Amino acid sequence: MGQITLENVAKSFGEVEVIPPLDLTIEDGEFVVFVGPSGCGKSTLLRLIAGLEDVSGGKIVIDGSDATQASPAKRGLAMVFQSYALYPHMSVRKNIAFPMKMAGIDEAEQKRRIDSAAKALNLTDYLDRRPGQLSGGQRQRVAIGRAIVREPAAFLFDEPLSNLDAALRVGMRLEISELHNRLKTTMIYVTHDQVEAMTMADKIVVLQAGRIEQVGSPLELYRNPRNVFVAGFIGSPKMNLFTGAAAVEYGAETIGVRPEHVSVSADSGKWKGRIGVSEHLGSDSFFYVEDTGLADAVTVRADGEVAFRHGDEIWLTPAEDKIHRFDKNGDRM
Amino acid sequence: MARQTTTGQRALVTAVAWGIGILISFPIIWTVLTSFKTEATAIASPPVWFSFDWTLQNYIDVNTRSDYARYFMNSVVISIGSTLLGLAVAIPAAWSMAFQPTKNTKNVLMWMLSTKMMPAVGVLVPVYMGLRSMGLLDSRTALVIIMMLMNLPIIVWMLFTYFREIPGEILEAARMDGANLRNEIIYVLTPMTVPGIASTLLLNVILAWNEAFWTLNLTTTNAAPLTAFIASFSSPQGLFYAKLSAASTMAIAPILILGWFSQKQLVRGLTFGAVK
Chain A
1 MGQITLENVA
11 KSFGEVEVIP
21 PLDLTIEDGE
31 FVVFVGPSGC
41 GKSTLLRLIA
51 GLEDVSGGKI
61 VIDGSDATQA
71 SPAKRGLAMV
81 FQSYALYPHM
91 SVRKNIAFPM
101 KMAGIDEAEQ
111 KRRIDSAAKA
121 LNLTDYLDRR
131 PGQLSGGQRQ
141 RVAIGRAIVR
151 EPAAFLFDEP
161 LSNLDAALRV
171 GMRLEISELH
181 NRLKTTMIYV
191 THDQVEAMTM
201 ADKIVVLQAG
211 RIEQVGSPLE
221 LYRNPRNVFV
231 AGFIGSPKMN
241 LFTGAAAVEY
251 GAETIGVRPE
261 HVSVSADSGK
271 WKGRIGVSEH
281 LGSDSFFYVE
291 DTGLADAVTV
301 RADGEVAFRH
311 GDEIWLTPAE
321 DKIHRFDKNG
331 DRM
Chain F
1 MARQTTTGQR
11 ALVTAVAWGI
21 GILISFPIIW
31 TVLTSFKTEA
41 TAIASPPVWF
51 SFDWTLQNYI
61 DVNTRSDYAR
71 YFMNSVVISI
81 GSTLLGLAVA
91 IPAAWSMAFQ
101 PTKNTKNVLM
111 WMLSTKMMPA
121 VGVLVPVYMG
131 LRSMGLLDSR
141 TALVIIMMLM
151 NLPIIVWMLF
161 TYFREIPGEI
171 LEAARMDGAN
181 LRNEIIYVLT
191 PMTVPGIAST
201 LLLNVILAWN
211 EAFWTLNLTT
221 TNAAPLTAFI
231 ASFSSPQGLF
241 YAKLSAASTM
251 AIAPILILGW
261 FSQKQLVRGL
271 TFGAVK
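Each protein sequence line maps, in turn, to chains A and F.
Residue numbers for the first sequence follow full-length UniProt numbering, beginning at 1 and rising by one.
Residue numbers for the second sequence follow full-length UniProt numbering, beginning at 1 and rising by one.
FYI, nobody ran anything at the bench for these hints, they're computed from the structure.
Do not rely on the hints blindly, as some may be mistaken.
According to the in silico footprint, chain F covers these stretches of chain A (three or more CB under 8 Å from chain F) [said to hold, decoys possible]:
| id | region |
| --- | --- |
| 1 | 69-81 |
| 2 | 95-107 |
Simulated crosslink set (DSSO-like; lysine-lysine; CA at most 30 Å straight-line) [as the list claims (entries may be wrong)]:
| id | chain 1 | residue 1 | chain 2 | residue 2 |
| --- | --- | --- | --- | --- |
| 3 | A | K111 | A | K203 |
| 4 | A | K184 | A | K111 |
| 5 | A | K101 | A | K74 |
| 6 | A | K59 | F | K103 |
| 7 | A | K94 | A | K74 |
| 8 | A | K94 | F | K264 |
Computed from a predicted structure; not experimentally measured.
Positions of the beta carbon are idealized from the N, C-alpha and C atoms, including for glycine.
Excised from the complex, chain F in its bound form (with noise of 0.2 Å):
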């Protein structure tokens, strides 16, 4: 039976609803609207809201200013890059994992978890000190690298949690078909894991597209993504906030458009398995 509810009672649950989703997209809104005011109307006080002069002066002077295409397709790079071979490596670990559990399985899962627990911080002398060495530092390969291996766990969790949902008896049945592994692979497994492929893989496009610890520490021009795009307007000739949400806003916009459009299959994928 539904529950009993007044319109007094909605009306309240909508208006606590909208409240606190303004509250959480505000810097968000607020960076976009600064990007269209001058740098006067920008640090005005008290903040002007929408009554100025509308203005995109600032994403000319971004764009004139530095190379938004190059860091553009760097993130483009580093973040697909790093997805793709992270589940090229996660598929078949969580494949095994899932399917041909051992005792040290949850011990494994655990270890892995417990690797996002530690502060990046503490391995980046290391990381530093071992890319330098190796003619790495400032280069794609080495982000793609070190992006994939910072959310291995998360792409083998999200996965391990998604075949682990796949009734064993299917698999058996295939196997009684006369499936091999190839076979159940290709014609059982992976059809009905691909919802969860799918947002395993946008979600990590989406960590790795907005990282910045180690894209600001292992970058400075070739290798440079957006993050780096927006710290570059942070600092040196004093404080442009016109111009720095202009930078943000176009840094965050590819990710922001493929959320929205995705925004179904993620949910679909984060609550998988949640309700038979």
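The following block holds chain A by itself, in its conformation from the complex (with noise of 0.2 Å):
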């Protein structure tokens, strides 16, 4: 069992308030995923889950029973670090006896375990080395390998692959995935990164100055960003956000079109602008129009195909049902 409750969870560092009163419940079995800006208190959210820091207002109830005030050690959860965390003096086999060691698991059963994660985690070969002798992947494996022997009730990631090169990230990023599948043990997992929050959440929470902006499904939350912020958030290029005349013109104070609901055209089309920069990705097309009057550059996605080039003139047509509207507070309207 995994299921987490907050109620009315909020942390203050002396007079500052990091997170205002919040409200937030995590399914068992669920991957869900806090992502936000840098400072906007995920991983402070995800330390008062963990009981590394203490609440300052408000319940967090752990499977039915109330661990507002337990120690980390005692509220079953496992945690991954970002800087891995593990312990510089010990063999990979020793560190991930660790927490079976402090349970006080007997050694038989302790190897079992060893063993089984070692082997999932392709890891057998390496278990009578120290942490300093393996790569980075390596080492995010011992420590999930760390975790997972806990058999927690939950995982708690701390933006587990900031410290990895681009494609060890992919690689690690579908392990994750991959081993949410076969445990269906709840994860909760801290990232700035929101192709990360895309690709592996079940349910994403945008969290921006310790406030939740939105919590939904990754595609919800893709075609229904409730307010400006989480409209510009996720997506990747950046949704185009226009106010002043464009936006009046659909009576909203602004509104959002994503780059692949704009379409191109040489000779006509809604708004009119020069190519600045051009991106060919081979599958894609990626352009970024300036002076069409709207914004510093209109970022349009086309077909790898559509062969225009920088400085060429060119229109955009949104796509009139994909446009998204919000009021005077950035709220959806």
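Once you've looked at the hints, go ahead and assemble the two chains, each given alone in its own frame, into the complex.
What follows is the structure, encoded as structure tokens:
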């Protein structure tokens, strides 16, 4: 089991309120991603759940029992840190065994769990090495192994992939997703990378300045962002947001349209502009269109076969049913 | 990329390094050489370098005149005793300042360091009077305590620096893994700081061994360590350079040998954390 409920949980450091009171329910077996810009409080929220920070108010309920005052070890959660936080003086085997040793699990059972975790994470050949002798990806696997053997109610990941290079990151992302499919254990994953959030999550929690902006499935957030912040944060490249005359035309303060919902043409359309930068990826082409009078640059995603170049004049037309409208508070209309 | 160096530059740098090395160690080398001379050769002018009749007579004289073993034992007890006592006090202190800092932690550290800036002679009279009224003059107990207090700021500072190098996330990981404070210290913190603790121990044994001000002023016979042993050869019967040198050589030899064998540990400890 691994259902976690936050009721009015708040956190202040001295006078500074980092997280205003918030409510959140994480269902058993869910993969939940906390995403937001740096300093939005997502790591603090995770640390509150872990018990590494004390809440300033509210209640944390894990599997029906109040864990607000429980020590980290008593909450039955396992955490994977950004820096991996392996014990440098212990072999991989001892690192993985450490939580079981602390829990007083007998040696035979320890060995069985270590072997099965090592096998699942491709660490069998490295069990007698020290963390210092491993690559970044291997260290990350050891950290995950140390979390798995505890058989926790939920896994907490604090930006676990941000120290890895791009290629390894994609690989580890898949491994973590596969792990979730196999174990079906609740996972809470913190990242500032919205691509990780979109690809891994069952449920995304978008945070800004400690407040929850929106909670929902990746596609829900993508299709129906509740406000301008979520609209601009989720999606890569970012949604185009326009204010002024273009928005007034749609009876809104701000309108947004995603790059793939703008069609391009050489001779006719709604908005005229000039291509600043063009990026041809083969499958897709991205154009950054300037001089439209709408925004500094309008991002457009087109088919890879479309052959416009830097400096070309171009007409843009948004798909009318895909335009997002926001009022002057930034909320969806 | 490695920087380009010519053979000439390298030779020059090597020569300068040797020059400085010899200059620094010259007094010790000269003391050792003098200890093997006769009293007459020792004060000869111009000085005699190597072409003299090597003799062990000074060592024999020094040993018959005073009880080297007793001084040596006092030095061992005072230096090691004060260091161990210091570590026992400093480890919890440094631990709390490194991992549970408050807004006054920095001030406390500076205050401790500032006590090292005060000239020791400034408190000699009150310390002397205090020990006298407690009947602790010329006792090992008094010297162990005084030496410990003298070096405590250094011990705390060194340990604090080592402890601070331990990433907080590792201790948090241990907490998540179910370790209580005791297990956290035994299984995680201590093994990771053993190099730091070891070099702190070594450095403080050396400092306490070489300390002369308090040992000379607070002892006469019973608790007198090797520093007093050297001093006892310096005045009463005029200047006997060869015997004085023999005594000095015997006094510094143990700590020199200890330093020689532990130099790798010492250097590693002193530069700990400089390079990740």
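Hint by hint, here is what the structure shows:
no., hint, result
1, 69-81, "holds (count 7)"
2, 95-107, "holds (count 4)"
3, A/K111 <-> A/K203, "35 Å, violated"
4, A/K184 <-> A/K111, "23 Å, holds"
5, A/K101 <-> A/K74, "15 Å, holds"
6, A/K59 <-> F/K103, "29 Å, holds"
7, A/K94 <-> A/K74, "21 Å, holds"
8, A/K94 <-> F/K264, "28 Å, holds"
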